[in-house]
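Visitor: Sequence:
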Amino acid sequence: MFRNYFKIAWRNLARNKVYGIINIAGLALGISACLVIYLVTSFELSFDNFHPQKERIYRVTCDINSPLRGIFHIGNVPDPAPMAMRTELTGFESVALFHSYYAKVTIANGNLSVKQFDQLKQGETRTDIVIAEPQYFDIFRYQWLAGNAATALHDPFTVVLTESKARQYFGNIPLDGVIGKTVIYNDSLRLSVSGIVKDLPRNTDFIFRDFISFATVKHSFLANDFGLDQWGNFNKATQAFVKLSAGSSPAKVQAQFPAFVKKYVSLGEEDKATFKLQPLSDIHFNQDYSDNFTRKAHLPTLYGLMGIAAFILIIAAINFINLSTARSIDRAREVGIRKALGSRRSHLILQLLGETLILTLFAAGLSLLFASPVLTAFQSFIPDGVTVRLFQPPTFIFLLVTVVVTTLLAGLYPAFVLSSYLPALSLKGATMQKGNQRGYLRKGLIIFQFTISLVFIIGTLVIGRQIRFMLNQDMGFQKDAIINIPTSGNYPADKKMLLAARIRQLPGVEMVSMSNGTPAASSHWSTPLKYMEHEVTVPCQLEWIDENFVPLYQLHIIAGRNVLPSDTMKEFLVNATCARALGFKRPEDAIGKFVESGASDGSSHTCPIVGVVADFHTQSLHEPIKPVFLAVSKKITYSINVKLLTRNQRISHFKTTVAGIEQLWNKTYPNEKFVYTFFDDTIARFYEREQKTAQLMNTAMCIAIFISCMGLFGLATFTAQQRTREISIRKVLGASAANI
1 MFRNYFKIAW RNLARNKVYG IINIAGLALG ISACLVIYLV TSFELSFDNF HPQKERIYRV
61 TCDINSPLRG IFHIGNVPDP APMAMRTELT GFESVALFHS YYAKVTIANG NLSVKQFDQL
121 KQGETRTDIV IAEPQYFDIF RYQWLAGNAA TALHDPFTVV LTESKARQYF GNIPLDGVIG
181 KTVIYNDSLR LSVSGIVKDL PRNTDFIFRD FISFATVKHS FLANDFGLDQ WGNFNKATQA
241 FVKLSAGSSP AKVQAQFPAF VKKYVSLGEE DKATFKLQPL SDIHFNQDYS DNFTRKAHLP
301 TLYGLMGIAA FILIIAAINF INLSTARSID RAREVGIRKA LGSRRSHLIL QLLGETLILT
361 LFAAGLSLLF ASPVLTAFQS FIPDGVTVRL FQPPTFIFLL VTVVVTTLLA GLYPAFVLSS
421 YLPALSLKGA TMQKGNQRGY LRKGLIIFQF TISLVFIIGT LVIGRQIRFM LNQDMGFQKD
481 AIINIPTSGN YPADKKMLLA ARIRQLPGVE MVSMSNGTPA ASSHWSTPLK YMEHEVTVPC
541 QLEWIDENFV PLYQLHIIAG RNVLPSDTMK EFLVNATCAR ALGFKRPEDA IGKFVESGAS
601 DGSSHTCPIV GVVADFHTQS LHEPIKPVFL AVSKKITYSI NVKLLTRNQR ISHFKTTVAG
661 IEQLWNKTYP NEKFVYTFFD DTIARFYERE QKTAQLMNTA MCIAIFISCM GLFGLATFTA
721 QQRTREISIR KVLGASAANI
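This note's numbering puts the sequence shown at residues 1 to 740.
These are computed hints drawn from the structure, not numbers from a lab.
Please note: incorrect hints may appear among the correct ones.
What the hints assert, rightly or not - Calculated cross-link-like contacts (lysine-lysine; reagent style DSS-like; alpha-carbon spacing at most 25 angstroms):
| hint | residue 1 | residue 2 |
| --- | --- | --- |
| 1 | Lys655 | Lys673 |
| 2 | Lys495 | Lys121 |
| 3 | Lys218 | Lys252 |
| 4 | Lys530 | Lys263 |
| 5 | Lys296 | Lys276 |
| 6 | Lys635 | Lys218 |
| 7 | Lys121 | Lys530 |
| 8 | Lys635 | Lys115 |
| 9 | Lys236 | Lys218 |
| 10 | Lys236 | Lys296 |
What the hints assert, rightly or not - For each label pair, taking beta carbons as the anchor points, the in silico distance ranges come out as:
| hint | residue 1 | residue 2 | range |
| --- | --- | --- | --- |
| 11 | Asn172 | Lys655 | 38 to 46 angstroms |
| 12 | Arg190 | Ser164 | 19 to 27 angstroms |
| 13 | Gln505 | Gln379 | 38 to 46 angstroms |
| 14 | Val675 | Glu623 | 40 to 48 angstroms |
| 15 | Arg190 | Lys655 | 45 to 53 angstroms |
| 16 | Val732 | Leu461 | 20 to 28 angstroms |
| 17 | Ser736 | Asp680 | 51 to 59 angstroms |
Being a predicted model, the structure only gives us computed values, none of them experimental.
Beta carbons: idealized from backbone N, C-alpha and C, even for Gly.
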């Protein structure tokens, strides 16, 4: 019986090639969309699920609640906190601190440089180098391939590598032979390899592959990157993770935090700091807590992708239903004959569903061929590690379920309609044109198809306008024709100052400034500012600048003056939000008042406020404006900001100026790669997620419209076939093809 069903289904498909191609192509696109989106969402939802005892692993975060500024979510704690928590709090099996580190890496053979790996750009790329305490490997279990797991990170000037990093640095020598090899970080930090561990799977945010021993910090220049005694310094690079003891609970541990915070963290009377435990499973999706190593997934976007896939599959199924019910007139006699010869309705339904299943299986086969090219075409916003692996049980089961659901969704209604025809009427040529058989359902489904297509079109237009608005909105500073050049902190300060002075002499340069960052960046220093007279402490973002920073970025001073040239921190600029948070009703009231900073460049912590600048956005427009203060320090300003001359200049002049800057760079830093970014590109990266969403909406819109138009084409073709006699009569009476 089933063999007969298959033969008939194949013959019908061969006889009606146009309808078969339309149905298979539509279903293939729908199943492809479902398969690709399933691969992406299942990959994202599986992040860090493989860690042993993952339910007991938490990150320590901090929420600061201020009546004036609302709630600040900070994904880290001050540097001294993990060490104090280890000795003063209970309920932990292990506490570990690690610090993200950006460095140039050199592999040497004696005094000769064998390999060199450039430093990644901070704030734009996630680094895979961390400075970690030994307890890191107690919380996150790795498979050790070489070295002693118990002692590998205990001694200073040691580093543990993953297998892939060891191969990258030293080639395919035996892993035991890598132990004792030297890796040089930032030209002067020479470390000995003490262990090799197996790489974690791709579905993890812990992308680290170089683990520098934390004991190295106190014995090297790395101490400059830490505030080991500064409880007011919230450095995003520093992370604290804990593993709770068996039988302990987050509630019991968090009950100890208020007294701990009161003892060590000093804030204003109205401001409250709260330490919290963030579950490991929440880190990949929670946008409130930022850091330097995770790649955040946006759950609403994932749910939206699932919805898009479902709608595309539904549109393809609607095509199948429309074409099948439209062709029911042609198959009425076949149904009548089968019923007259004794076929039951259930047999007819099985036969018609079998035909649908064959088409769906063809479509599923095509979707597997489409999936890999689609992943390649959209690799810019598909996570690394997403691949098509049909024979993995979850993927195979998903595809099987999709085929079954699609078969039922697309074939069940047409099967019930066709099998309901009365044999006597069918054999006489009657088609039972009643109700839905007159086309009401078909017309309704077509309207639904194009409604969904219009929703995609409208969504695409709205998202496009939002992106244009955000990219062109005034953020409170100048962003055009400015390039940012990062320099290394491993050279004497005179080198960067000499380079900046030389760049100022170029004819295409209008102004040059030194700073630690830009007015708007993905991350900033976080530290409190305390005004003792009002007994208020304000969590602030800190930017290290020079006297040219304000005029170069055209920040507007609304009270007081700009900072004066200085080598160290002697005076502050604050933004209007910071001045209000400190308790000043007018910007002018803040001028001359002394405030204390939680961070220092080695000079005084207490300095006067000499100016108030208008508020500006330090991050994307998604984020509220936060309190900011600016301080001068030649020691910590590693970035050169160059304002290019734009008056009466052409694009070729910009290229000539940048080429001139590169020549000066090569003279100053002959062993360093010249890297620069345009500041407006940095702003555009804030809205990368929105831009990717726009691309997805464009793609979904094109697919939905294409499938809908294919279905409409099929119906139009069928209608033309049904009206062959009418068309012939019209032509005999003189109608042209254009008239018809």
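Visitor: In ascending order, which of the hints set out earlier in this document are inconsistent with the structure?
Guide: The structure breaks hints 3, 7, 8, 14, 15 and 16; every other hint is satisfied.
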